[in-house]
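Visitor: Residue numbers (this note's numbering), protein chains in the order written: chain A, 46 to 588; chain B, 46 to 588.
Please keep in mind that the hints were generated in silico from the structure rather than gathered at the bench. Just so you know, not all the hints are guaranteed correct.
Which copy is meant is left open, because identical chains are indistinguishable; a pair holds if it fits in one copy or across any two.
Claimed, not checked - For lysine to aspartate or glutamate, the following EDC-like pairs were computed, each having C-alpha atoms within a straight-line distance of at most 16 Å:
(1) K100 <-> D164
(2) K106 <-> D537
(3) K149 <-> E119
(4) K510 <-> E421
(5) K526 <-> E69
(6) K101 <-> D537
(7) K334 <-> E360
(8) K209 <-> E135
(9) K100 <-> E409
(10) K334 <-> E135
(11) K240 <-> E360
(12) K507 <-> E409
(13) K574 <-> D164
(14) K186 <-> D299
(15) K574 <-> D522
(16) K73 <-> D292
(17) K236 <-> E218
(18) K186 <-> D222
(19) K100 <-> E536
(20) K209 <-> E405
(21) K329 <-> E360
Note that the structure is predicted; figures quoted are calculated from it, not measured.
2 protein chains.
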Amino acid sequence: MKILLAQINTIVGALEHNTRIIIETIRKARTQNIDLVVFPELTLTGYPPKDLVEKKWFVEKNVHQLEAITPETEGIGAIVGYLAPNQTAEGKGTFNSAALLCDKSISSVHHKSLLPTYDVFDEARYFDPAPSVTPALFRGKRLGISICEDIWNDQLHWGRRLYKRDPILELTEQRVDLMINISASPFTLGKRQIKHDMFSQIARRHQVPLVHTNLVGGNDSLIFDGWSNVFNEQGEIVVQARDFQEDLLLYDTDQTSGEHHPTTKETMERLYQALCLGLRDYVKKCGFKQVVIGLSGGMDSSLVAVLAVHALGRENVVGISMPARFTSELSTKDAAELTRRLGIEYRVIPIEPIFTSYLESLREHFKDKPFDVTEENIQARIRGNILMALSNKFGYLVLSTGNKSELAMGYCTLYGDMAGGLAVISDVPKTMVYELAAYVNREREIIPASVLSRPPSAELRKNQKDEDSLPPYPVLDPIIKAYVEDHKGLEDIVAMGFERSFIENIIKCIDSNEYKRHQAPPGLKVTSKAFGYGWRMPIAKGT
Amino acid sequence: MKILLAQINTIVGALEHNTRIIIETIRKARTQNIDLVVFPELTLTGYPPKDLVEKKWFVEKNVHQLEAITPETEGIGAIVGYLAPNQTAEGKGTFNSAALLCDKSISSVHHKSLLPTYDVFDEARYFDPAPSVTPALFRGKRLGISICEDIWNDQLHWGRRLYKRDPILELTEQRVDLMINISASPFTLGKRQIKHDMFSQIARRHQVPLVHTNLVGGNDSLIFDGWSNVFNEQGEIVVQARDFQEDLLLYDTDQTSGEHHPTTKETMERLYQALCLGLRDYVKKCGFKQVVIGLSGGMDSSLVAVLAVHALGRENVVGISMPARFTSELSTKDAAELTRRLGIEYRVIPIEPIFTSYLESLREHFKDKPFDVTEENIQARIRGNILMALSNKFGYLVLSTGNKSELAMGYCTLYGDMAGGLAVISDVPKTMVYELAAYVNREREIIPASVLSRPPSAELRKNQKDEDSLPPYPVLDPIIKAYVEDHKGLEDIVAMGFERSFIENIIKCIDSNEYKRHQAPPGLKVTSKAFGYGWRMPIAKGT
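My request is simple: use the sequences and hints to build the entire structure.
Guide: As structure tokens, then:
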């Protein structure tokens with residue numbers, strides 16, 4: 046049997062667009078004598094469809110689209126993810142389902158059993174779990190069809206399990222010839238190894254090949270990295286799709302090998318690919334073509350400019366330098382040099398006259414109070430206003446350039462440097478920004494060396510350095526990770542070898558800046574816990 | 046038996062603070078020969094604790110706090126809401142629970158069975174459902190203890206039920222003398238009648254009195270309105286607490302009547318109370334004392350100023366007028382008159398010089414492109430920057446003043462008039478803003494009559510009126526309600542009697558402004574569907 050793993054890039058909510066891609070892929074597959082095309086999870090709606098699922102008209106329309114695809118399956122099978130209405134009297138009323146289409150009819154429908162409801166996932170908000178699972182019959186074979194999370198509850202693999210049921214076991218106990226898992230599993234650093242080991246183990250344990258089609262593309266904060274593949278019953282990868290791009294991967298059940306594309310190996314390379322994909326798709330799927338970036342001459346904005354040029358092409362990236370009284374000459378020089386090397390449009394808009402006019406207008410109201418964070422923030426917000434004005438006038442999307450360490454500590458200005466449509470590296474800690482910049486410069490110097498060698502500074506007051514306000518990043522970042530990603534508390538972090546008052550202050554700082562993060566633009570998620578959709582903290586709270 | 050319904054105002058995350066309130070209340074009750082004190086849902090942690098539940102150290106600390114309360118219960122019982130660890134091998138690992146403390150020990154623990162996971166509720170994200178329910182034994186009586194949503198699945202009351210189980214039925218089938226429901230049920234307009242009818246029906250059907258303690262106070266977007274009460278087996282209210290404030294309500298099971306405080310009846314009065322409570326608690330619980338408001342001389346900002354004065358006292362409210370070239374004289378006059386009537390500090394900070402400096406700095410970059418929304422937004426963002434500067438300099442919280450109709454249509458400026466710590470009326474549609482203003486002026490004119498009579502305008506370009514860009518609000522608001530609150534689609538709304546292209550444009554406008562709402566400050570929720578935490582829409586999406 047010839048199976049095509051259709052690793053496609055859908056658009057959330059775009060039912061007709063996604064239907065067209067599905068139909069084109071099926072038609073193409075028919076010309077290649079494919080028996081079965083396997084699409085990713087919720088192919089029709091895109092993933093995650095979020096509250097669109099609560100709209101009855103949306104679910105109905107998605108059913109109509111499935112019915113429009115069905116006639117295309119003469120002589121071929123297709124597994125398509127969609128929203129299936131739940132007609133019983135209790136529950137949410139919708140399943141997250143896979144339809145097996147075949148010979149112009151819906152052959153069987155398979156609902157998701159395990160509904161991830163943690164971090165960025167809200168599936169219990171929308172879906173009812175499958176009451177039971179049954180293998181599908183297709184061309185004399187028994188297919189064990191599961192959906193994403195269904196495969197993530199293997200008793201042998203995990204310690205504490207999130208769910209009581211194991212739908213993979215339920216399926217294999219009914220004898221299956223082939224396991225098929227359709228997924229929309231987002232990229233995070235370090236996750237691929239976990240997936241590899243788990244898939245391999247499951248295929249081996251059940252002695253059944255595992256076909257796994259994953260979504261590819263960026264949807265808001267989430268980046269789906271593809272890496273669709275087939276594991277044989279020995280737990281080895283037989284065929285493997287390209288990662289971070291669309292791909293159609295052929296798997297012939299009668300062959301012991303096939304297409305095996307090399308995947309992105311090195312961590313920084315993978316992170317770079319992920320960010321470029323997430324950035325490109327967000328800009329495109331929001332209907333934009335060009336972006337504008339405020340270039341401070343520092344590391345973060347330089348890196349974002351490099352990513353944007355890679356993702357969108359240099360003709361679609363505009364860099365703006367906005368020097369003020371505290372901007373060093375080297376900063377402006379570095380920003381100019383970077384744009385020269387990248388070949389992007391570059392403009393200098395000094396903010397000093399505007400800053401002065403604010404100070405004059407506010408002088409009598411400030412009553413001789415000394416220069417403080419107020420005046421720092423005014424400068425940052427002037428820059429935000431200018432970038433937004435260019436966005437309004439020319440239709441650019443503003444990219445904000447803050448990193449995760451800053452966002453954790455609130456070392457950033459709301460409506461200032463935080464302004465923008467997408468926060469490209471807001472889930473990348475500062476130490477990793479350095480690593481990524483080194484990766485960018487691995488073959489030739491793209492980001493000027495002086496950007497990498499100078500101590501980080503916001504340049505919002507005289508001789509300011511990040512380290513005046515923050516611990517050095519190599520000290521800070523592991524603490525942030527412990528508190529934010531690993532859910533550790535004060536005692537656990539102190540036990541890592543720090544002074545109590547030092548950690549107390551950092552935790553207090555992280556906690557008290559929830560209000561800023563609440564109003565941050567969406568940021569691309571690359572770690573196991575990003576600020577944003579999967580981070581839900583009270584703002585007004587005590588300790 | 047004498048029962049005290051302790052309708053207290055907890056702070057989310059403030060375990061020690063909440064513990065103190067609980068202990069003080071128990072001590073006070075002991076002096077009054079109370080048998081049992083009933084606190085609201087998740088008393089210890091505050092509600093909603095959100096992702097704090099995922100922190101192991103937080104759950105452990107909450108258990109320690111419960112253990113600190115237990116010794117206080119000599120000769121008295123207390124039902125306290127807290128997070129109970131789930132020691133079994135599967136699931137999230139935490140229950141949303143009620144501990145019955147009595148005579149210095151934990152007499153029994155009762156877990157929540159039904160976990161609301163819709164709108165602003167994420168309980169399936171955090172909690173495991175109770176495997177089963179059993180009545181508690183207390184002083185010879187059988188108490189059917191349930192938690193909030195547990196009572197919201199009565200088969201006779203609802204058509205389609207969200208859950209298969211009905212824990213109230215499960216309890217009453219085991220014979221109970223008294224039903225006790227501890228809640229954290231947020232205020233929305235129209236909800237109280239639903240609760241009244243449902244509680245009454247359940248008490249009558251099971252022929253058992255129902256004791257119901259609800260939380261009071263504001264926590265971020267949510268306003269809890271109290272209204273704790275007891276329904277007798279005839280479904281009548283026997284005792285009733287004050288609404289929108291803390292209260293300790295006595296219920297004597299041997300008496301057929303008791304304290305019965307009148308509740309806020311009229312819709313606008315109730316809305317006014319709710320907004321004041323939400324505003325006051327957000328400001329206080331965030332650690333602020335004073336607020337600053339940009340006063341345009343229009344209806345929205347005038348109303349917010351009135352609410353702020355009521356909630357915080359006139360000495361804690363500062364009004365700022367920021368006129369520019371398009372500001373009418375009448376606007377500034379009305380703003381001044383309002384502040385005079387309210388007796389609040391008032392400052393005028395003209396933005397014309399700053400606006401001019403932006404236009405000059407941007408002139409060459411704008412390449413003679415005509416005046417458009419860019420220049421409108423620059424003005425709004427200057428005002429946002431000034432308010433934030435005053436916030437930074439003097440420690441004020443900025444209140445933003447946009448209404449729900451604007452936020453739906455994106456008729457507002459990100460980082461401009463949307464800037465602030467709390468969006469006070471962002472869930473109040475413009476037509477309801479008028480009603481509320483009329484309520485404010487019911488006895489004497491507080492908001493100047495000319496504010497109410499002039500057509501709404503943003504005054505960001507010459508002779509601008511809202512109706513140049515938007516349909517009249519009495520037409521628009523029902524359409525927004527249909528699409529946002531009632532989940533209706535294009536066809537349903539057209540069937541309400543509108544032209545298709547007219548509705549298509551409105552829906553397109555609502556959909557395309559998701560990016561603005563994503564970065565909006567938290568807003569007080571007063572309708573069944575507010576933008577914000579309970580509204581989760583993709584930003585990059587197709588249609």
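Visitor: I'd like to know which numbered hints this structure contradicts. Please list them from smallest to largest.
Guide: 5, 9, 10, 11, 12, 17, 20
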